[in-house]
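Those sequence lines, one after another, are chains E and C.
Numbering that gives the first Met the number 0 numbers the first residue of the first sequence as 0 and each following residue consecutively.
Numbering that gives the first Met the number 0 numbers the first residue of the second sequence as 0 and each following residue consecutively.
In short, the hints are calculated from the structure, not lab data.
Don't take every hint at face value.
Stated by the list, open to error - Straight-line Cα separation of at most 25 Å, BS3-like style, residue types lysine-lysine; simulated pairs:
no.: 1; chain 1: E; residue 1: K153; chain 2: C; residue 2: K114
no.: 2; chain 1: C; residue 1: K24; chain 2: E; residue 2: K182
no.: 3; chain 1: C; residue 1: K59; chain 2: E; residue 2: K31
no.: 4; chain 1: C; residue 1: K120; chain 2: E; residue 2: K153
no.: 5; chain 1: C; residue 1: K215; chain 2: C; residue 2: K59
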Amino acid sequence: MSTFLDIIMSAFIFGVLTLSLGRVQVNMNNTKAQNQFSYTVQTNAVELARLVEHDIVKIGYHVTGPKITAADSSSIAFNAALDNTGASTPIQYSVGAPSGLTETSNPRDFVLLRTVNGNTTSINFGLIQFNLKYFDAQNAIIPTPIIGSAQLDKIRGIRIRFSIQSSESVPVDTVWESVSWEKTILPRNLSNLNY
Amino acid sequence: MGRSAILLVSGLALMFGVFTISMNKSFESLSSSEVGYYNYSYARNIARTAIHRTLREYDKATPTIPTTGTFDGGAYTIGISVSGATGDTMLITSVGTYPDNSSEELKSHYTMHVKLLRTTKPFPSSKSAIGIRAVPVTYNISGSPQVDGRNYDATGTTLVGSGDLPGVTTMNPVDSAQVANAGGANIIGSPAVKVDTSVVDPKDFIDEYKANADYKYPSSGTFSGATWGSPTSPVITYCNAGDNPDFSIKFTGGVVGYGILVVRGDVQFNGNLEFYGLVIVDGFNTTVTFGASGTPKIVGGVIVAGNAGAKVTLKGTGSNAKIRYSSEALARARNIGKLRYYSIMDWYE
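If we strip away everything but chain E, and leave its shape as in the complex, we get (with noise of 0.2 Å):
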């Protein structure tokens, strides 16, 4: 009797203890999820932000016309001379619609689509937001869209502002890692700013 009770007994501990291993193995893995989504999406937002603000400090480098072509509050279309050698070429950032990423679950992303002199390249960073203010020498906002090269000539300063979420949620449906980033250039070509 007494063994058959060590027996079951035995048995209850072990089922016990593998439950909570078990539990142990799903949170570690959510975890590690988590993080890895983290590190994604933070190491996003540093490679998105460096190349914004490696192309908007350039509007208007080596330009004889029109420096900034169009501005809404979520796409801007301008010229500089990317590269400190030539003439400069024609440069657009957009949006694409969310529903038109469907390689991740989440359905708020969507891509970036940035257009040098023609060749469009589609950057998939996880963004769910990317927003563009524009301000006029008095440092007012210049309400969106712009419209006009009167208006477009007015603009000194572009804040922009993104969001960027993993592609998946850990647990399902539940924690979508998520970074914001925000600044406002000044694009120093941009007309008569001084120093």
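We have chain E; now place chain C onto it with these hints.
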């Protein structure tokens, strides 16, 4: 049972170990990425700071402008070349590095190529040897001191041969007649005396000159033995005797100055004072007096402004002019480093 427990615990320990290592690697990579962006941003700020610093050294006419430097844990190198017909176009390449004290692979470098046009701010240039912007004016002269509107070189010794201006300008014909009558042959110019209502009101400039003054005399008194700047490095001197006409500033012997001299209140120039550049006298009942003793002289131009009742008194027995117009001396004053600014022609970073 015991063996199973040992295996179970060992497996668990192994699992935790792998998990911890994986997490640490992930955190390390993330930190590296974020620190990289921080270093990149800091290198950019240092490159920009280097340009600021270099321009300020340029403004101060520093003989040898440093091409390298350190700042807040970072370092920079600067390259400058000057071009353009008047040497006012500057090409600057600035490279910021951060952090300065780590291995090369951890450093971030940021390069800026900048083309600037060095220009001057608006300047209340005199259109005569003495421009009076006050009504009415009382002009007294005794002895034979001269006011000469002909254009001299910056030293006031050689006539340029062109660019001659009136000796004195006033705001209306009545004052003009009074000045011409009082000055007689001692006022020389083209013409000697003229009505000119376009003399710039120096009040618009005085605050800036006061803020940027290299030498300040904040109260009335008698001052001697001072040197303000040099021909190649003119400066701003600001004197404030107050608006009360009972107070005045008096300069006596051993005063030599170059650039812009602003006097708020009454002023008396005596002794062997020499000033090369622009003199602005502005105040309540502005009174400018050149004493009979000594050989005070101003080469450049004088603007007298203020409320009604401005007085200009010149005394002296010598034949040398007290005031000589010089476009060259005024140009040097206009180009004081602190009063210059830079327009961006091209900026690449």
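Checked hints:
no., hint, verdict
1, E:K153 - C:K114, "holds (22 Å)"
2, C:K24 - E:K182, "violated (30 Å)"
3, C:K59 - E:K31, "violated (58 Å)"
4, C:K120 - E:K153, "holds (23 Å)"
5, C:K215 - C:K59, "holds (18 Å)"
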